[in-house]
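Q: For reference, the chains in residue letters:
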Amino acid sequence: MTNAALLNGSKRLLLGTENGRTLSYGEHLDLHGPLQLPHHKGLGSWRAQLLQELETSGLTGKGGGGFSTAIKLGANSHGLRKPVMVVNIMEGEPAARKDSVLACFSPHLILDGAEVIATLVHAHSITVAIARDNPAAVASLERAVLERRGRRTSPFTISIATPPNRYVAGEESALAHWLDGQLALPTFRLHKPAKLPVGTRGAVIDNAETCADVALVARRGGAWFHQGGRNGAPGTTLVTISGAVEDDGVFEVPLGAPLSEIVALAGPSTTLTGFLLGGYGGTFVGPEALSAAYSPAGLKAIGGNVGAGVIIVLDQSVCPVAEVARITRWMANESAGQCGPCVFGLPALADEIETLAKSKGRRSDLMASIEHHLEAVDGRGACAHPDGVARMIRSALNVFRHDVDQHLAGRPCGAHGAQSVMNLPPNAEGLEWK
Amino acid sequence: MEMRLRVDPVACDGFGHCAELAPEFIALDEWGYPIIQLDVIPRELERVAEMAVNQCPRKALILEKVDRNPPASRRRGGTKR
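Those protein sequence lines, which keep their order, are chains A and B.
Taking our numbering, the leading residue of the first sequence gets 1, the next gets one more, and so forth.
Taking our numbering, the leading residue of the second sequence gets 1001, the next gets one more, and so forth.
Don't take every hint at face value.
When the alpha-carbon atoms are kept at most 27 angstroms apart in a straight line, the in silico BS3-like pairs for lysine-lysine are as follows [as the list claims (entries may be wrong)]: (1) A/192 <-> A/41; (2) A/434 <-> B/1065; (3) B/1059 <-> A/195; (4) A/192 <-> A/300; (5) A/41 <-> A/82; (6) A/195 <-> A/82; (7) B/1065 <-> A/300; (8) A/360 <-> A/195; (9) A/195 <-> B/1065; (10) A/82 <-> A/11; (11) A/300 <-> B/1059.
Don't read these hints as lab results, they were simulated from the structure.
Computed from a predicted model, the values in this text were never measured in an experiment.
All chains, please: the whole structure from these sequences, using the hints.
A: Laid out in structure tokens, this is it:
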């Protein structure tokens, strides 16, 4: 099935990006049409109308949390001091490229949405945060901001910030912390969602794809947006498919389409054994998940999550236990190093899963020890980094329990020692948090 | 009003004083970081909990009221997980 057939119509978020170059502001307006933001007069009714449309749209945040955008922005649309609107293009998840693709090819759709949200929440200004190892996205956004400056699209000044490219640096409290002039480290919050301070202001942080979705809702309305999805799920969404596939990349798909139809876009291996959904801190599911609807509700039913839109395909050419060991080690190296259970627990888990992968673990207590350490890290950090690792490992031990048993019995699978299909990047050198 | 004990994991350096002062409901994991074993601190142990909070060298323990009816602004937005 082609992408167009799956979408049952034209692309929305990636409209006009087929030829692989950045849409200029003029081209963007030709494709998507003008976007009129209200002036002082009519602001109140515009806000009420937009919140209503967002609610109708069913849009939920695309950064991983999956919380209702209408409720989040509604709660932020009144306050004593004007907040800073922050666009989150950190994309610290190595297997995700959707926000980068959107930023590189359709930056104005993101900025449109940022201006709409900034107007809605009475923002003081807009800050676009892009990881500093992503020069293509930074250049694209810088150019887009310059293009808009002459056009006076909105009263907001837009600045671009480039925090360090660490896995947890895009976590919202870490991002706000860095924008506030401190290190890009997650902070402990007694109550969530607490207002995240940046200087004397609060920050309203939204993922890049969420901003683009808001731009679509502001133009075409909530009902139109919702129609893009299937099986009751709202709108289209961006997924990054990688692993044992012929054609890895970012695809725009209807939310709620069966996972099988989505994965088919990338030409998956014929011997697939499972998927990692969401991201490195996501959930492994078996081949039976192919019939599930790819939506928050559909994946919840099989214990999964849309997360950051990551789909990694595993097949018989690789040892799933070895792949889990690689991810665990990588995630352990990405710990911010602040919370004891994460600092000590994740490397302990990585050691144990490596032992399991090498089948040297004829220790009867190996599984008990892994279980003990999963318990010791889950929910005991300031951010959800250790929770994600625990979730990923638990799901893998369940989905690949046959492989795990074979390893425990000293019979590693045939694919042991084979190459990884994960394409794990090296951990960034040194711990740079400034 | 029921009270509950929380750990600020960033501030905590695993000194372990809390577990010595309040062994009734604070255990240590294998690396020396506290595990709060009671969701709600019984009234008769509140004094002990307060002592643990006050004696923490990193000020990493927080004794807070269990709010059964949080204000709408707090209820919104998922709690953890």
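Q: It remains to establish, for every hint, whether it holds in the given structure.
A: Hint by hint, here is what the structure shows:
no., hint, in the structure
1, A/192 <-> A/41, "35 angstroms, violated"
2, A/434 <-> B/1065, "36 angstroms, violated"
3, B/1059 <-> A/195, "22 angstroms, holds"
4, A/192 <-> A/300, "22 angstroms, holds"
5, A/41 <-> A/82, "19 angstroms, holds"
6, A/195 <-> A/82, "12 angstroms, holds"
7, B/1065 <-> A/300, "32 angstroms, violated"
8, A/360 <-> A/195, "48 angstroms, violated"
9, A/195 <-> B/1065, "20 angstroms, holds"
10, A/82 <-> A/11, "35 angstroms, violated"
11, A/300 <-> B/1059, "38 angstroms, violated"
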